Amino acid sequence: MRSPTEVVQLVAAGLVPSAAYLALGLRLLPRFGVEARGSERLALAFVFGSGAASLGVLLLRALGVPVPLLLAGAVAVAAVPLRGPRRPGAAPVAPPADPGWVRGVDAATLALGGLLFLASLAPETYWDGFEYHIPLVAAWTEAPIRALPGFLDAEFRAGVDLLYVPAITSGFSDAAAAVSAAFALTLAGLVRAEVRRRASPGAGSLAGLFTLLAPLSLELAPSTYVDLGVGAYGFAALLFADRWNRGAAPACLTASACCLAFAMNAKLHGALLAPLLLVIVLLGGRPPAVSRLLRCAGLTALLVAPWLIKTALTTGNPFFPLLGGWLGTGPTGATNLALRRLRLLANYPAPRNLGGLARYLVSLQLGSNPHVGGLLGPLPLALAPLALGRLSRASAVLVGTLAALALGLFFAMPAVRFGTPIWPWLGVAAALGGRRLAASGALARGVLVAVLALALLHQGSAAARLCVERAAALPDPQAYERRVFPDQDALRRMVARADPIVGIPMGAVSWMPRPVYNLLWERNGELYFGGGMPEGLVSTPPDRAFALLRARGVRSLVLDVEPPHPDDGRVGHPGVDAWLADGRARLAADVAPLPARRGRVWVLVRLIDRPAAP
Amino acid sequence: MSTPAPQPLSGWRRAAALVWVAAAVLLYLAVQHLGLRVVP
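Respectively, the protein sequence lines represent chains A and B. Each residue of the first sequence is one higher than the one before, starting from 0 at the first, in numbering that gives the first Met the number 0. Each residue of the second sequence is one higher than the one before, starting from 0 at the first, in numbering that gives the first Met the number 0.
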């Protein structure tokens, strides 16, 4: 149980880092010369502030300098501008006040943002979050940023992950996901502003609210998944490129290049945006001078360079895992990387042809696949087609490039969360379509109001359930964990009785009370241990697997096996059974099995350094 | 802030739009709440 003081500390650990990134961004934003006001200014400030802060944390942690919450607090206090931006000679012009119902929608969006912030402070129960996002940052918080053998995800980009460092340094790792909630609110703010610019204040406010209410936002905001961050950076990069095409100042190109770099630092596939942005500005009707493009490319290269250097130092290949054939893949086998790519495809198992594409598009709205089905909510695909009409050249190029990226995602990484830079555009289009419907007569307006009300009821109740359940977990996080993942709680209790380092077959690594080694091939990048392996893949031979585990310091394993307790000396895992047979491992009879998932039980196996019998 | 006025839908386009929007949202809700299975 947490005391009220500890709950307050938890809230502070969630609030202070995001406040610091926002304050830093408010300082940086005027230097870009980007026009923004109100909530859009705050959203863009968070984009630039968090991107810059992440690079700062990378530098500090690479040098081993601690980044505690106090430092984040000091940055927040020092960086926050006490006065808004003022231009000499220009009298501030107050925008006309929005209608009451629009202000009500904005208030609901802010209230939902606050609830999502509280929900994000509950324990991490999202799989990738507790399996590698939090453990990765914890490892780089305890000691400087370095290679982590047996931890493949440490070799990919982690720009958003590094924003969790102050919260995790403070000892409140549950507060890390507050950054995701801030990114959700940022995306809502960006969509709201873009729709206000293109349609009306009312449409903008509704688009902002429904962006936050989208099932994908509700799923990602309370977790340490980094996709909302990638989405905010990527969407902002696309926004600025489109604004350039529509006559905005050259500062937009600089801002776009900057956001592109932040997206690339946050996740490798952010790099897919680079060629798309180039196409958008080259074909959008206002091609910039080559010298300007080169300056932008130089800025992007400069901002991604720290991660290239980090990756070169830890893997030998600055572009790892790309160009592995030329520059090598470090300690990770090429097979493992190829299998990870296949694993991404398995998120949506459909043939990659026209029929499969059609099924995928229908699945976005009406599917039940957990990675795809219904995650955008009911409105985007219902209303966006109504926005189609005679498009300007800039809009046609934008729509074409976004469609190309969506097609690329279907072919390579179909899970909806990988498309976060482009889905907000669907929200913008839906708002435009909704506005068109509202202007098409009383009946059309009535249907629009009805579907908006139904969607609000459906998505609002889902959001309320999520927020109430998670916010209620703040005083007693372990009770919540036990309720959500009882098998992982049992695993935690088994690990507590094992000699570290403990090998576990995937799971809630960040919950574990002792250092663990993840036996899952996707996570360790070096060992094929069985369980969750692609069909036809052969496990690492027992002798090699044993040597590898001992080299990583693994002294015990907690495995899920078929009950009853295998007291005949076997656990049903070929490799481990071989070690049990030749005396290199022993089943811990003194530790009673605990329930795992699907009717299996956890058992403890101790590894013993003894040569195999001849 | 000046924004272009939307082009209203009329005739068969409006009818088709109304059917499309209502069907898309109602089917979505049926999948989510009633377990209707349209695609995997």
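These are calculated hints, taken from the structure and not from any lab test. A couple of the hints might just be wrong.
Stated by the list, open to error - Which bits of chain A does chain B cover? Going by a derived footprint, with three or more residues having C-beta under 8 Å, they are: (1) 381 to 392; (2) 501 to 515.
Claimed, not checked - Ranges of calculated distance between the beta carbons of each label pair, as one might list FRET restraints: (3) B:Pro3 to A:Ala452: 50 to 56 Å; (4) A:Arg389 to B:Leu25: 49 to 55 Å; (5) A:Gly99 to B:Leu25: 27 to 33 Å; (6) B:Val37 to A:Arg444: 25 to 31 Å; (7) A:Leu62 to B:Val37: 50 to 56 Å; (8) A:Leu301 to B:Val37: 46 to 52 Å; (9) A:Ala337 to B:Pro3: 38 to 44 Å; (10) B:Pro3 to A:Ala106: 39 to 45 Å.
If you're wondering where the values come from, they're calculated on a predicted model, not measured in any experiment. Ideal Cβ placement from N, Cα and C applies to all residues, glycine included.
Now for the hints, and whether the structure bears them out:
1. 381 to 392: Coverage by chain B holds here, the residue count being 5 at a Cβ distance below 8 Å.
2. 501 to 515: violated (count 0)
3. B:Pro3 to A:Ala452: 50 to 56 Å: violated, 27 Å
4. A:Arg389 to B:Leu25: 49 to 55 Å: Given a distance of about 30 Å, which is not inside 49 to 55 Å, the answer is violated.
5. A:Gly99 to B:Leu25: 27 to 33 Å: Between Gly99 of chain A and Leu25 of chain B, where Cβ atoms are some 30 Å apart, the hint holds.
6. B:Val37 to A:Arg444: 25 to 31 Å: holds, 28 Å
7. A:Leu62 to B:Val37: 50 to 56 Å: holds, 54 Å
8. A:Leu301 to B:Val37: 46 to 52 Å: holds, 48 Å
9. A:Ala337 to B:Pro3: 38 to 44 Å: At 49 Å between Cβs, range violated.
10. B:Pro3 to A:Ala106: 39 to 45 Å: For Ala106 of chain A against Pro3 of chain B, whose Cβ atoms are near 28 Å apart, the range 39 to 45 Å is violated.
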